[in-house]
Amino acid sequence: MRGFSFLRILQESVSGHRGWREQWRSPEPRKSYDVVVVGGGGHGLATAYYLAAEHGVRNVAVLEKGWIGGGNSGRNTTIVRSNYLFEESAALYEHSLKLWEGLSRKLNYNVMFSQRGVMALGHTVTDVQVIKRHVHANRLAGIDAEYLDPRQAKAFCPILDISRDARYPVLGASLQRRGGTARHDAVVWGYARAADALGVDVIENCEVTGVRRDARGAVSGVETTRGAIGTGVLALVAAGHSSVLAGMAGLRLPIESFPLQALVSEPVKPVMPCVVMSNTIDAYMSQSDKGELVIGAGTDAYPSYGQRGSFQVASSTLDSLCELFPVLRRLRMMRSWAGIVDVTPDRSPIVGPTPTPGLWLNCGWGTGGFKAIPGSGHLFAASLAAGRPHTLVAPFGLDRFSAGRLIDEATAAAVSH
Amino acid sequence: MLLIPCPVCNMARPEREFRYAGEAGLVRPHDPGAASDQDWTDYLFARANRKGVHEERWRHLHGCGRFLVVTRDTVNDRVLQSVPA
Ligand SMILES: Cc1cc2nc3c(=O)[nH]c(=O)nc-3n(C[C@H](O)[C@H](O)[C@H](O)COP(=O)(O)OP(=O)(O)OC[C@H]3O[C@@H](n4cnc5c(N)ncnc54)[C@H](O)[C@@H]3O)c2cc1C
Ligand SMILES: [Zn+2]
Chain A
1 MRGFSFLRIL QESVSGHRGW REQWRSPEPR KSYDVVVVGG GGHGLATAYY LAAEHGVRNV
61 AVLEKGWIGG GNSGRNTTIV RSNYLFEESA ALYEHSLKLW EGLSRKLNYN VMFSQRGVMA
121 LGHTVTDVQV IKRHVHANRL AGIDAEYLDP RQAKAFCPIL DISRDARYPV LGASLQRRGG
181 TARHDAVVWG YARAADALGV DVIENCEVTG VRRDARGAVS GVETTRGAIG TGVLALVAAG
241 HSSVLAGMAG LRLPIESFPL QALVSEPVKP VMPCVVMSNT IDAYMSQSDK GELVIGAGTD
301 AYPSYGQRGS FQVASSTLDS LCELFPVLRR LRMMRSWAGI VDVTPDRSPI VGPTPTPGLW
361 LNCGWGTGGF KAIPGSGHLF AASLAAGRPH TLVAPFGLDR FSAGRLIDEA TAAAVSH
Chain H
1001 MLLIPCPVCN MARPEREFRY AGEAGLVRPH DPGAASDQDW TDYLFARANR KGVHEERWRH
1061 LHGCGRFLVV TRDTVNDRVL QSVPA
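If you read the protein sequences in the order shown, they are chains A and H.
Going by the working numbering, the first sequence opens with residue 1, and the numbers climb by one from there.
Going by the working numbering, the second sequence opens with residue 1001, and the numbers climb by one from there.
So that you can see chain A by itself, here it is in the shape it has in the complex (with noise of 0.2 Å):
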């Protein structure tokens, strides 16, 4: 892999930009590999890559139905931050945080990551009390927090209404400071580069359509619709897919699927230089560099595989971002879409072994998994080539269910992105 730098841009402008060539390869899978992992998004990219710059596991295949990306690692609002409530996911979102400081120089691609701000804004007491003990949490945690009044909030972002009869009136609001946007696309593109490079295959248009098992009911390998490959370590991190693949192996999860949607608005100039959030009333937004709104919605009411999200459900948050946002009354919107994200009772992944000797799980990571890519994937190359659960990840195994020991994010924030 040839590096990116000042210099080849500079080389490249004064020979016509002819000797770019492709970021990674398309290789044709091999009979078999150390590890298997299917989902060709940042998650499966991020382990893959992990284990093989950290862990010299070098014999490695992602395998990826459509192409790299395709899921919701493309399709979210990129909203980053780390300001859980409970100390194992503060732990978890924090580890991943750090890793998102240094990433870009680390994959030599630039992830644009962009620590504007993440503020999250109450409207009633009850809001201000809950975000109050968040801050709270947090610091004890270690992990940067603020509690704005309404006037420090419209100075944060100065397009808020936050006159005392609007409809959703400001009450307060938390602010992490070190949160921000990344672009999407190119951590997904940086880790598969960078994967790539070090020798892991990236396959895409190859859909895993069954699980192989020998006499043990050890993992042995996966059928695909490019042949069969063999595996003694199969690792599923395919977000909404999770129980269609884990029901290959036999074992049911619990996880729904629900489509969750995102919109983005005609490009306007500067006018949000944060990200501002609003549990409440399930609306999320912050301006892309080409000055688009990007706006994150609530999932659907029922579980669905449609990649669509009802449109009352994307409406309502239009409304309501009408109301704390006055001056985008006119604003069109360009493009809506969804992403059908893993949601578990509790709102937090799971991430580890499962029953079946090989397979392990690295999924429900649901409607807010994007910023957890860099950490995610760091922690779950470890506990593959360990061969038991990191310890930043261990409170997250499938086995928290039967033990009731939930981390319940759930009933913490209802915090979508």
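None of these hints come from the bench; they were simulated from the model.
Errors might be hidden in some of the hints.
[As the list claims (entries may be wrong)] Once the Cα atoms are required to be at most 25 Å apart in a straight line, the calculated DMTMM-like pairs of lysine to aspartate or glutamate come out as:
id, chain 1, residue 1, chain 2, residue 2
1, A, 65, H, 1073
2, H, 1051, A, 207
3, A, 98, A, 88
Using the hints, position chain H with the ligands against chain A.
The following block gives chain H with the ligands in isolation, referenced to the frame of chain A:
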């Protein structure tokens, strides 16, 4: 927005009148004291989450108030059948 036929009201009504109530056919352990942790886990948390034909409960909250068992294709969201629970 789904249009769900209610066999009790005898009308197809918009989704907003209903409340989704989860996968159909889950049976609570008959003898709670005798049920194992695994039985409870399966009942409380494990779901088929089927891609394709799925049986689920809906309640016609803002109509007759009755629970229904709706059969829906989760790929195209078409409602195939709706009967009282
Ligand atoms: C609209 C929306 C907004 C979001 N906003 C945010 C946000 O602001 N912040 C945040 O942190 N998170 C957000 N998320 C969540 C985040 O996008 C996901 O948690 C994260 O991208 C999951 O990454 P992944 O790699 O696990 O899954 P994916 O990127 O979905 O990758 C899984 C891959 O598996 C492949 N696959 C499935 N079945 C098979 C098979 N049988 N064989 C081979 N491959 C298969 C799929 O094609 C897919 O590419 C949002 C999600 C959505 C949909
Ligand atoms: Zn009815």
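Evaluated hints:
1. A:65 x H:1073: holds (22 Å)
2. H:1051 x A:207: holds (15 Å)
3. A:98 x A:88: Status holds; Cα separation ~16 Å.
The structure fails none of the hints (numbered hints given earlier).
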